[in-house]
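> Spelled out from the first residue to the last, the chains are:
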Amino acid sequence: MAAYLLRRLVQSALILLGITIITFGLLYVLPADPVRQIAGRSATPEVVENIRRQLGLDQPVWVQYWTYLSGLLQGDMGRSYLQKTDVATLIAARLPATLLLMVGAITCELIFGLTLGVIAALKRGRPIDTGLMVGSFVAVSAPQFVVALLLLYVFAVKLGWFPIGGYGTFAHLVLPSVTLGIMGAGWYSRMMRSSMLDVLRADYIRTARAKGLGRLRVILRHAMPNAILPIVAMIGMDIGIFMGGVVVVESVFGWPGIGQLAWQAIQRVDIPIIMGVTLVSAIAIVLGNLLADLIAPMIDPRIKLR
Amino acid sequence: MNASVPRGPVLSVTDLTVSVGTETGPRPLVSGLSFDLFAGETLCIAGESGSGKSITSLAAMALLPPGVRVTGGSIRLDGRDLAKLSERRMQAIRGARIAMIFQEPMTSLNPVLTIGTQLSEAIRSHDPGANAQALALAALKSVRLSQPEARMRQYPHELSGGMRQRVMIAMALALKPEVLIADEPTTALDVTVQREVLDLLRDLQRDTGTAIILITHDMGVVAEMADRVVVMKSGCMVETGPVRDIFARPAEAYTQALLAAVPRMGDGSGPVPAPAETIARIEDISVRYDIRGGLLGRVTHRVHAVEEVSFEIRMGETFSLVGESGCGKSTIARAMTGLVPHQGLINLAGHVVPEDGLSAGPALRRDVQMVFQDPAAALNPRKRVGDLVAEPLVIHRIGDAASRRERVRALFDRVGLSPDQIDRYPHEFSGGQRQRICIARALALEPRLIIADESVSALDVSVQARVLDLLAELKADLGISYLFISHDMAVVENISDRIAVMYLGQIVETGSRAQIFGNPQHPYTRRLIEAVPIPDPTHQRPALSRMSDDVRSPVWPVGAGPAKVALSDIGGGHRVASA
Numbered sequence: 001m002a003a004y005l006l007r008r009l010v011q012s013a014l015i016l017l018g019i020t021i022i023t024f025g026l027l028y029v030l031p032a033d034p035v036r037q038i039a040g041r042s043a044t045p046e047v048v049e050n051i052r053r054q055l056g057l058d059q060p061v062w063v064q065y066w067t068y069l070s071g072l073l074q075g076d077m078g079r080s081y082l083q084k085t086d087v088a089t090l091i092a093a094r095l096p097a098t099l100l101l102m103v104g105a106i107t108c109e110l111i112f113g114l115t116l117g118v119i120a121a122l123k124r125g126r127p128i129d130t131g132l133m134v135g136s137f138v139a140v141s142a143p144q145f146v147v148a149l150l151l152l153y154v155f156a157v158k159l160g161w162f163p164i165g166g167y168g169t170f171a172h173l174v175l176p177s178v179t180l181g182i183m184g185a186g187w188y189s190r191m192m193r194s195s196m197l198d199v200l201r202a203d204y205i206r207t208a209r210a211k212g213l214g215r216l217r218v219i220l221r222h223a224m225p226n227a228i229l230p231i232v233a234m235i236g237m238d239i240g241i242f243m244g245g246v247v248v249v250e251s252v253f254g255w256p257g258i259g260q261l262a263w264q265a266i267q268r269v270d271i272p273i274i275m276g277v278t279l280v281s282a283i284a285i286v287l288g289n290l291l292a293d294l295i296a297p298m299i300d301p302r303i304k305l306r
Numbered sequence: 307m308n309a310s311v312p313r314g315p316v317l318s319v320t321d322l323t324v325s326v327g328t329e330t331g332p333r334p335l336v337s338g339l340s341f342d343l344f345a346g347e348t349l350c351i352a353g354e355s356g357s358g359k360s361i362t363s364l365a366a367m368a369l370l371p372p373g374v375r376v377t378g379g380s381i382r383l384d385g386r387d388l389a390k391l392s393e394r395r396m397q398a399i400r401g402a403r404i405a406m407i408f409q410e411p412m413t414s415l416n417p418v419l420t421i422g423t424q425l426s427e428a429i430r431s432h433d434p435g436a437n438a439q440a441l442a443l444a445a446l447k448s449v450r451l452s453q454p455e456a457r458m459r460q461y462p463h464e465l466s467g468g469m470r471q472r473v474m475i476a477m478a479l480a481l482k483p484e485v486l487i488a489d490e491p492t493t494a495l496d497v498t499v500q501r502e503v504l505d506l507l508r509d510l511q512r513d514t515g516t517a518i519i520l521i522t523h524d525m526g527v528v529a530e531m532a533d534r535v536v537v538m539k540s541g542c543m544v545e546t547g548p549v550r551d552i553f554a555r556p557a558e559a560y561t562q563a564l565l566a567a568v569p570r571m572g573d574g575s576g577p578v579p580a581p582a583e584t585i586a587r588i589e590d591i592s593v594r595y596d597i598r599g600g601l602l603g604r605v606t607h608r609v610h611a612v613e614e615v616s617f618e619i620r621m622g623e624t625f626s627l628v629g630e631s632g633c634g635k636s637t638i639a640r641a642m643t644g645l646v647p648h649q650g651l652i653n654l655a656g657h658v659v660p661e662d663g664l665s666a667g668p669a670l671r672r673d674v675q676m677v678f679q680d681p682a683a684a685l686n687p688r689k690r691v692g693d694l695v696a697e698p699l700v701i702h703r704i705g706d707a708a709s710r711r712e713r714v715r716a717l718f719d720r721v722g723l724s725p726d727q728i729d730r731y732p733h734e735f736s737g738g739q740r741q742r743i744c745i746a747r748a749l750a751l752e753p754r755l756i757i758a759d760e761s762v763s764a765l766d767v768s769v770q771a772r773v774l775d776l777l778a779e780l781k782a783d784l785g786i787s788y789l790f791i792s793h794d795m796a797v798v799e800n801i802s803d804r805i806a807v808m809y810l811g812q813i814v815e816t817g818s819r820a821q822i823f824g825n826p827q828h829p830y831t832r833r834l835i836e837a838v839p840i841p842d843p844t845h846q847r848p849a850l851s852r853m854s855d856d857v858r859s860p861v862w863p864v865g866a867g868p869a870k871v872a873l874s875d876i877g878g879g880h881r882v883a884s885a
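For the record, the sequence lines run as chains A and B. Here the first sequence is numbered in our numbering, starting from 1 and rising by one per residue. Here the second sequence is numbered in our numbering, starting from 307 and rising by one per residue.
The set of hints was computed from the structure by calculation and includes no laboratory data. One should not assume that every hint holds.
[Claimed, not checked] Okay, derived cross-link-like pairs now, DMTMM-like style, lysine to aspartate or glutamate, Cα gap no bigger than 25 Å in a straight line:
1) A:Lys-304 x B:Glu-393
2) B:Lys-539 x B:Asp-842
3) A:Lys-123 x B:Glu-393
4) A:Lys-304 x B:Asp-842
All of these numbers come straight from a predicted model, not from anything done at the bench.
Start from the sequences and build out the full structure, keeping to the hints where you can.
Here it is, written out as structure tokens:
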């Protein structure tokens, strides 16, 4: 177990290294020039060159990368070009809000996805199943900004149940979480439905029924733990999908997380922030997958980690 | 069987009809079935696949699959008609008064719950006040599982198939039901394990007086277990009566045919062929699988699946490898066809199979073909059967489209199928027909050796008999040699010229059919032969010679390995491991 964990952490570090290389390379070949952004339209060529030299952007790309990487290994994520603040400080200030949003979204995904998937499986072929599957299809295909605006219009503007935007209370959390989680809920309900249908056909379900167990116990104790297994692996992947959505959702709801930070940084070609946010997201994805792999053997004793 | 005072039946099935709903209305799967079951007796329902025997048992449990319903008649337990009970009422009866065990012990237990949990929840659901843990433990002890306390905390995957079936029996009998339905309870088990499970069932029945409905396709099991027999075919009862009458004087043609098709030991006849040219020479081959572990993923242990095995197959002979699951017999077949890497020499029809297996040339593949166990899984469902049979010809670039089609038609004729069927799809054929298609495909390249890995195990007995006849006929006409791999001693005895018995990756006894069956020397060989159910209810079965209970593990640390079994010749090529 300890050996497994150590090996996975070493693998994770290599993955993260690869991600820094790719991201750095992509940002370097980007046609946008960060120095132009900093200097403004009216700056003279001398000023531009001066800034370029100050930031070290006149160096060859591998020298730039090496400078960044050695800083990173000492815990220095660099400084924002425009905000003149440490990237680490900026991200640390905004990370809790994003993590909170993710927890909210995952909770929403699991609660809606699993419950509705189980119900659809149990009512297979009935109108309720068809209805739920059409609904899940809509949920999966609806663009997040549309969902966000729709939810805002109905629940914030018309009904006034939740605030229009901002951060602070539980009520603030609901609409962004639902917006971010609704696509995943759609996926999970479809996956859970087919997974449940497979499990309900299994021999051990027949055995459980032959023992005279009640319907509820057969479903909750025998079918669901087996059906949920493929979903657990998906939750790890989900964090990556979330990262894309976070940028949109945080902008629409004015949620002060790293998605907003990233959005602003991309517009201004603030490379250290883009690098920092990408790296933090990558760490979240890698850890999420590791966590999913660690949870799996707790549900299914046949899975051995080695 | 022992009731001197006449009593009413425990379970009474009257005019039962079970139907499946189809687009054209309900179609009966079981029709007009009636029988009574009395306390303490064993009633065997015998029949081939599709006879409706399993549907009958599921109807009694009210566990019919979706779309299948009881459409007529009654199933009465104590005067109450189970077919008309609500699901909630039925839950109280299931497990407590009628219990059931199933064919597949490997999949019938929930993989994510411990044995103890699965046992005690059944008890608790019927008797919330009971000390479920204690009762569960007592049930495990009653099925003679070793270390019952430790088993309670184990998960199903940590137990062997036989042990799982014992757990299923413990679960079924924990609440002392009046009726136990056992649906092919030993079909998926090794023959020696089957014997132990059947003995266990008989002993438990003697202690508890439970009435047993035993559903089986195996007439040997019927002869050993039944007091009375119901023979079913296509959903109807063909014949019923006491077991001795059925076997001694079967009244119906179908029963007679069914009994005639059963392979019996002692039937194999014919002279041993004169020593001929060697077609396959296997010398000291070993197959080992690495198990990696530790921080750097180094090889820490190896599974010694096959350990320095040697044998020869001669032209035109059938050489059989027998043994129970995990003994390495199928691994040898895979090594011979280059599907797994091996160490040692494999020389097939003059070609040496490379040790890595991968670089085996087309010439080798052409001379050696395989026929597998499950014909449904071995045929691509999306292709026409004619194309499947022609595929080897296409791969080896033999002939053009027209000549290949002609060849396929001839092959279909050869294996007893109509050449007009070559444009159909695999699902349009029965199991036996599909296996014939697989044989036709194997024959397409005119191989000199066919490896048949459990090729008749999945077939009904009557179909099995016909496929075995076909194999024998092909051998006589075409001079093909077979490596026949099987766990079924009766089948092996019928088809083989020479036999090797395998145990834990090594050959423990080898010789001609007469030598192995007439004069078995190794205790394991004797155990295998004795464990085979004899389809004769008057047969007195010898007590099973027990070997040590724990199966030894084939997993060894790197550098270590099992001791090589030395074979010594006791005359006429009959070689036995010195114990």
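> A separate judgement is required for each hint: does it hold in the structure or not?
Against the structure, the hints come out as follows:
For the suggested pair A:Lys-304 and B:Glu-393, the alpha carbons sit about 39 Å apart, so the restraint of at most 25 Å is broken. Taking the CA atoms of B:Lys-539 and B:Asp-842, the gap is about 21 Å. The hint holds against a cut of 25 Å. At most 25 Å may separate the alpha-carbon atoms for a hinted pair to count; A:Lys-123 and B:Glu-393 meet this at roughly 17 Å. With a C-alpha separation of about 47 Å, the suggested pair A:Lys-304 and B:Asp-842 falls outside the 25 Å cut-off, and the hint is violated.
Hint compliance for this structure: hints 1 and 4 are broken, all remaining hints hold.
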